[in-house]
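The listed protein sequences derive, respectively, from chains C and V.
Position in the first sequence counted from 1, then plus 382, gives you our numbering.
At position 42 of the second sequence the residue is numbered 34 (our numbering), and the sequence of numbers has no breaks.
Worth flagging that the hints you see were computed from the coordinates, not collected in a lab.
One or more hints might be untrue.
Calculated pairs, SDA-like style, for lysine to any residue (alpha carbon to alpha carbon, straight line, at most 20 Å) [as the list claims (entries may be wrong)]: (1) V:K228 <-> C:D554; (2) V:K131 <-> C:D538; (3) C:K584 <-> C:N527.
Footprint (simulated), chain V over chain C, 3 or more residues, beta carbon under 8 Å [to be verified]: (4) 583 to 589; (5) 707 to 718.
Some chain V residues close to chain C (C-beta under 10 Å, calculated; not the full set) [to be verified]: (6) I114; (7) V118; (8) L134; (9) G207; (10) Y249; (11) V275; (12) T279.
All figures in this text were calculated on a predicted structure; none of them were measured in a lab.
Think of the CB as a built atom: it goes at the ideal place given N, C-alpha and C, for glycine as much as any other residue.
Chain residues, written in single-letter form:
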Amino acid sequence: MRDPENASMKKLTIIAALLLAVLGCKPNETTTTTTNAATGATIQINGAGATFPYPIYSKWFDEYHTSHPNVQINYQSIGSGGGIKQLSAETVFFGATDGPMNDEQLKNAPAPILHFPTVLGGVVPIYNIPGVTSQLRFSGPTLANIYLGRITKWNDAAIAKENPGVSLPATDIAVVHRSDGSGTTYIFCDFLSKTSPDYKAKVGVNTSVSWPVGVGAKGNEGVTGLVQQTPGAIGYVELIYALQNKIPFAAVQNKSGAFITASLDSVTAAAAGVAMPDDFRVSITDSDAKDAYPIASFTWMLLYQSPKDKERAKILVDFLKWALTDGQKDATALHYAPLPKSVVDKELQAIAKIQL
Amino acid sequence: MRRGDDRWFRIGTGAFAALVLLVVAGIGFELTRQSLLSIEKFGFGFWKGRVWDPVSGDFGALPFIWGTLYSAILALLLSTPIALGIAVFISELSPRALRQPLAYLTELLAAIPSIVYGLWGIFVLVPIIRKLEVMLGAKPALGVGMLSAAVILAIMVVPLTSSVAREILKNVPSTQREAAYALGATRWEAIKVAIGFGRTGIIGAVMLGFGRALGETMAVTMVIGNNPQITASLFKPQYTMAAVIANEFTEAADELYLHALIEIGLLLFIITIAINLLSRLLVRKVTA
Chain C
383 MRDPENASMK
393 KLTIIAALLL
403 AVLGCKPNET
413 TTTTTNAATG
423 ATIQINGAGA
433 TFPYPIYSKW
443 FDEYHTSHPN
453 VQINYQSIGS
463 GGGIKQLSAE
473 TVFFGATDGP
483 MNDEQLKNAP
493 APILHFPTVL
503 GGVVPIYNIP
513 GVTSQLRFSG
523 PTLANIYLGR
533 ITKWNDAAIA
543 KENPGVSLPA
553 TDIAVVHRSD
563 GSGTTYIFCD
573 FLSKTSPDYK
583 AKVGVNTSVS
593 WPVGVGAKGN
603 EGVTGLVQQT
613 PGAIGYVELI
623 YALQNKIPFA
633 AVQNKSGAFI
643 TASLDSVTAA
653 AAGVAMPDDF
663 RVSITDSDAK
673 DAYPIASFTW
683 MLLYQSPKDK
693 ERAKILVDFL
703 KWALTDGQKD
713 ATALHYAPLP
723 KSVVDKELQA
733 IAKIQL
Chain V
-7 MRRGDDRWFR
3 IGTGAFAALV
13 LLVVAGIGFE
23 LTRQSLLSIE
33 KFGFGFWKGR
43 VWDPVSGDFG
53 ALPFIWGTLY
63 SAILALLLST
73 PIALGIAVFI
83 SELSPRALRQ
93 PLAYLTELLA
103 AIPSIVYGLW
113 GIFVLVPIIR
123 KLEVMLGAKP
133 ALGVGMLSAA
143 VILAIMVVPL
153 TSSVAREILK
163 NVPSTQREAA
173 YALGATRWEA
183 IKVAIGFGRT
193 GIIGAVMLGF
203 GRALGETMAV
213 TMVIGNNPQI
223 TASLFKPQYT
233 MAAVIANEFT
243 EAADELYLHA
253 LIEIGLLLFI
263 ITIAINLLSR
273 LLVRKVTA
C-alpha cells in the first residue's frame, strides 16, 4: 500500500518478461539486432510524477527513442505527490509535478532539486443550466463565492451583473469539485485565493482542500459526468479535457478586467505576463498580461542539480533541450499550451546549472 | 502413511496458519508505524475530529467513520432480507431445473468488478434517485449521496451473502427437515427449523457481506458524493474511509497528511477486526 511504485515496477517486470518471451520466440526479429548494433546496451532512465502531462511526455519519450534508439525513458504517471516522494527517495532519476515543490519539501530532499517548466495547462469552469445556451462569464470573486456557498442561486445579482442579456433561472446551484487529489484543484484554488481573500482564508490552496459546499467526483470525467447530468450544476475541468471532449465552458475575467475564453494562446500568454524567478517555481494564475487566461499553470520536470549518474544526466539534459525547443511543436496537437519563447530561453540558460 | 509424515504434515500446515497471524500482525504494525506523526499530533482526538483540512493540516476521522458505518449498515438492512430470500428459494422451494441456473446467476453477480457497478450507479441508479429526490422535494436534488451508495452496496453484497447462506442451508441434514415434517410441520415451519439449525453460518454469511460493504471503495466513491459530513440524511453527500484513502493518497505530498491518511487505514483495520470479534461473540451467544 505504501509503494504504488513497487506495484507498478512489478507490473513493468512482468511486461518486460512477457516481451522478452515474445522476442525470444522470434530470434530472427530485426528489433533485437538493431539495438545491439547501436552502442551495445539500451540505457533505461526512469521517471515518475504528474498524470496531467503524461500524454505529451509519453509522446516525447517515444519520439526521442526513435531518434536515439539506445535510450529508453520510462515514465510512471503516479501523481505529483508520488513523483516528489519518489524523487526525494532517489528511486527515480527524474520527477514531474503540477504544483512546484514547497520550501520544506526541497529542504527535506537529500540534494538540491531544479524545476523546469515543460508545457502549460488551464482549468475551465463548466456548467449545466437548463434554458441557458449562451456562454457564461465569471469573475474570480463570483466563482469564489459560488464555491464558498455564498452564491446559491443562478439568478444571483453578482452572476447577472457579469452576464447582461442572459436570462438566468432562479434554480439552485449544485457545486461539483474533484474528490481525488489533483493539480487541477490546486490551480483552481490558487486562482480563487488570489482573487478572493475570503476564499484564501477559508479554503486555501492544495491538491485536496476542505470544501465548504458541494459534491466530489473522481477525475475530469467524473466532474463532467455529474455536471452534465445535474441541472443547475457547476464544476471545473482541465482545458485539455474540455477541448478534447468538446465541452462548452465559461469565460473568466482576468486581472485587467477582460473576460477571456481559455485557448492555447491565452494560456501561453499567461506565462509571458509573469516575472520569472530563477528557480521557475512560480504561480501564473491571475497573470498581468492583457490577453492572458487567468486560470493557467506550468507543469514541471524535476531534476537533481548534481545527478550522481552523469551518463544518464547527459542524456536527460539533451532530451530536455530538445523538448523545450523542437518538442514544443508537439504540444498544440495534444491540446497543451506551448511555453512562450522568453521562458524557453531562460530555461536553456538554467539547464547549464546542472552539473554534468 | 508413516507416523513421521503425519508430524511433518502438521508442522507444514501449522506454519501456513501461523503465516496468517503474521500477516495480520504485520499489517497492524506497518499501519501504526506509517501513521505515527498523525497519532502523536492528534492522539484519540483523531477518532472524534470533524475537520479534514489538508491545507491547514488539521485532520479528524469522525465523518469518514460515520459514512462508512452508516452506508454499510444501510446496505446490510437492504441486502439481508433479499439475500436470505434468494438462498431459501434456491435451496428449499425452487423447482429442481431452476436451481443450478439461479445459483449460477447470483454467483455471476459477485464476479462483476466494482468499477462496473460504479459506472452503472452513475448512469442508471443516480438519475433514478435524483428523480425520487425531486419528487420528494429534496434540495438540491443531486442523486449522488448516501442512498445511492447504500443501494449499490446492497446490490454488491446480495450475491455474496446469498451464496454462502445457500451453501449453509444445503448442508443442513435432511433429517432435520424430515423430523419437522414428521411432527406435522408445514413447509414454512420446516424451513424455519432449517434456518434455525444453520443460524451460526447464516450470521457468518451476513457478517461477510458487512465486511465487504465496509471495505468497498470504487463503486461507493463514484456515487456517495465525497463530502465529509455527519448527517442522518439519506440524500446528502457523505464520505467513507476507504474512499478518502483511494482519492487522496496519490497526491498527498505532505508527511502529516500522508500519515493521517494511513491512520484512516489503521482505523478501518481496527473497526473491521472489532466488528468481526463482535459477530463471533454474537454467534457464540446464539449457539449457546
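Hint check results:
{"no.": "1", "hint": "V:K228 <-> C:D554", "result": "holds, 15 Å"}
{"no.": "2", "hint": "V:K131 <-> C:D538", "result": "holds, 17 Å"}
{"no.": "3", "hint": "C:K584 <-> C:N527", "result": "holds, 11 Å"}
{"no.": "4", "hint": "583 to 589", "result": "holds (count 5)"}
{"no.": "5", "hint": "707 to 718", "result": "violated (count 0)"}
{"no.": "6", "hint": "I114", "result": "holds, 6 Å"}
{"no.": "7", "hint": "V118", "result": "holds, 7 Å"}
{"no.": "8", "hint": "L134", "result": "holds, 6 Å"}
{"no.": "9", "hint": "G207", "result": "violated, 13 Å"}
{"no.": "10", "hint": "Y249", "result": "holds, 8 Å"}
{"no.": "11", "hint": "V275", "result": "violated, 30 Å"}
{"no.": "12", "hint": "T279", "result": "violated, 36 Å"}
Of the hints listed earlier, those the structure fails to meet are numbers 5, 9, 11 and 12, in rising order.
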